[in-house]
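Each chain, letter by letter, is given below.
Protein chains: 2
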Amino acid sequence: MLRTDITVAIRDAVMYELAEVGYGRLSIEAVARRAGVGKTAIYRRWSNKLEMVLEIVSDVAGRSVPLPDTGSFAGDLQLIMMIVSRALQHRIASQIIPDLMAEAARNPQIADTLQTALRTHQQAVGEKLVGQAVARGELPAGTDPDVAVDLILGPLYWRLAVSRSKPDPAYLEKLMTAVTAALKSAGD
Amino acid sequence: MLRTDITVAIRDAVMYELAEVGYGRLSIEAVARRAGVGKTAIYRRWSNKLEMVLEIVSDVAGRSVPLPDTGSFAGDLQLIMMIVSRALQHRIASQIIPDLMAEAARNPQIADTLQTALRTHQQAVGEKLVGQAVARGELPAGTDPDVAVDLILGPLYWRLAVSRSKPDPAYLEKLMTAVTAALKSAGD
DNA sequence: CCAGGACGTTACGGTTGCGTTCCGCCCTTT
DNA sequence: AAAGGGCGGAACGCAACCGTAACGTCCTGG
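As they're listed, the protein sequences go chains H and Y.
The number in my numbering is simply the position in the first sequence, starting from 1, with 9 added.
The number in my numbering is simply the position in the second sequence, starting from 1, with 9 added.
One should not assume that every hint holds.
Treat identical chains as interchangeable: a pair holds within one or across any two.
Claimed, not checked - List of simulated lysine to any residue pairs, SDA-like, C-alpha gap at most 25 Å: (1) K137 <-> K175; (2) K137 <-> T125; (3) K137 <-> S172; (4) K58 <-> M10; (5) K193 <-> Q87; (6) K183 <-> A96.
If you're looking for bench data, these hints aren't it; they were derived computationally from the structure.
All chains, please: the whole structure from these sequences, using the hints.
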């Protein structure tokens, strides 16, 4: 049986290495070195770099985000924005995510994995968030969950992952009111 | 004197290679191969990969985007969204941009170059757009240009560069009305 | 107590890329 | 006609990885 502690060490090393040099430059040797492990131990578990990264990343990404249910749209929205902004400020995640997104533009397998891992959750969260708000009468009936998700995640991602500015709480508040106003108008 | 046609061939090859394999895996040899050029010709112009890429990319990115001035906020907004969505659907650009953004998280020099090239324009466009709209009374006086830019670019970037969905004109319209509503509420 | 398995280590041949050097060609300048 | 500079091409030594193989060690189960 494969030793669990070794597997964990490899997984950690892959995440670390992925953050440091990116998928493109990630080498099995470097992973083995960092994990304090022989290359053999890695090849015993996965047969290539792609397979290894996909398995590890999709496992991490698959850990489900709790669906929002605070009782009000404002509360749900705030919760989601907190979770997302926290995640995007995480040192490792904030480097791995854009890297894999860029790589996904070239590698269909990575694209699929990311779609499955992220998009599914994203959609579920969006539908629940909007559905609840509509049921409560906080949003008009025609509200499009996809647009809502884009409006919420887009600016956050842009600011935190692309512009890379500081986590300004006043900004988050402005963004929240803006997004709320945007969605309330969707039925017009 | 260095031959201009050779320089052009190299620049094209770099952009192409950058789109195909990304900065991480970009090799001088591959660039030379694709450009139909000796490595010598490249090293005669730049001293390493980073310098070469920075010079070429910042040159391309520096080409100024026209400031919007259609006479109405709705018109300006639509123009910007058209320009951005067109740019993000460009085959080469849509692969290079996310890739360099990811790389920027690791390489301060790339980050600086990108900031300078993109952010400056972005800010200018945002300030002009919002300023004009406020002057016309189309937006409340307190409107934050930074938030406005994030609200416009964020969702577009998310959808086109991250989610990679099709260019849906109905979506663009929905997004436009949503963004307009969001910004009009900013003074509340 | 012993067999088997997972491990780290070392080594292997092969590939790729680096940055440099030298060559001979060709075009321009003088 | 001669000189010089930019060029492509080939080769260099060096380093990093690849994926595989052959050790010897340690731990576990029977």
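So which hints don't hold here, by number, going up?
No hint contradicted; all consistent.
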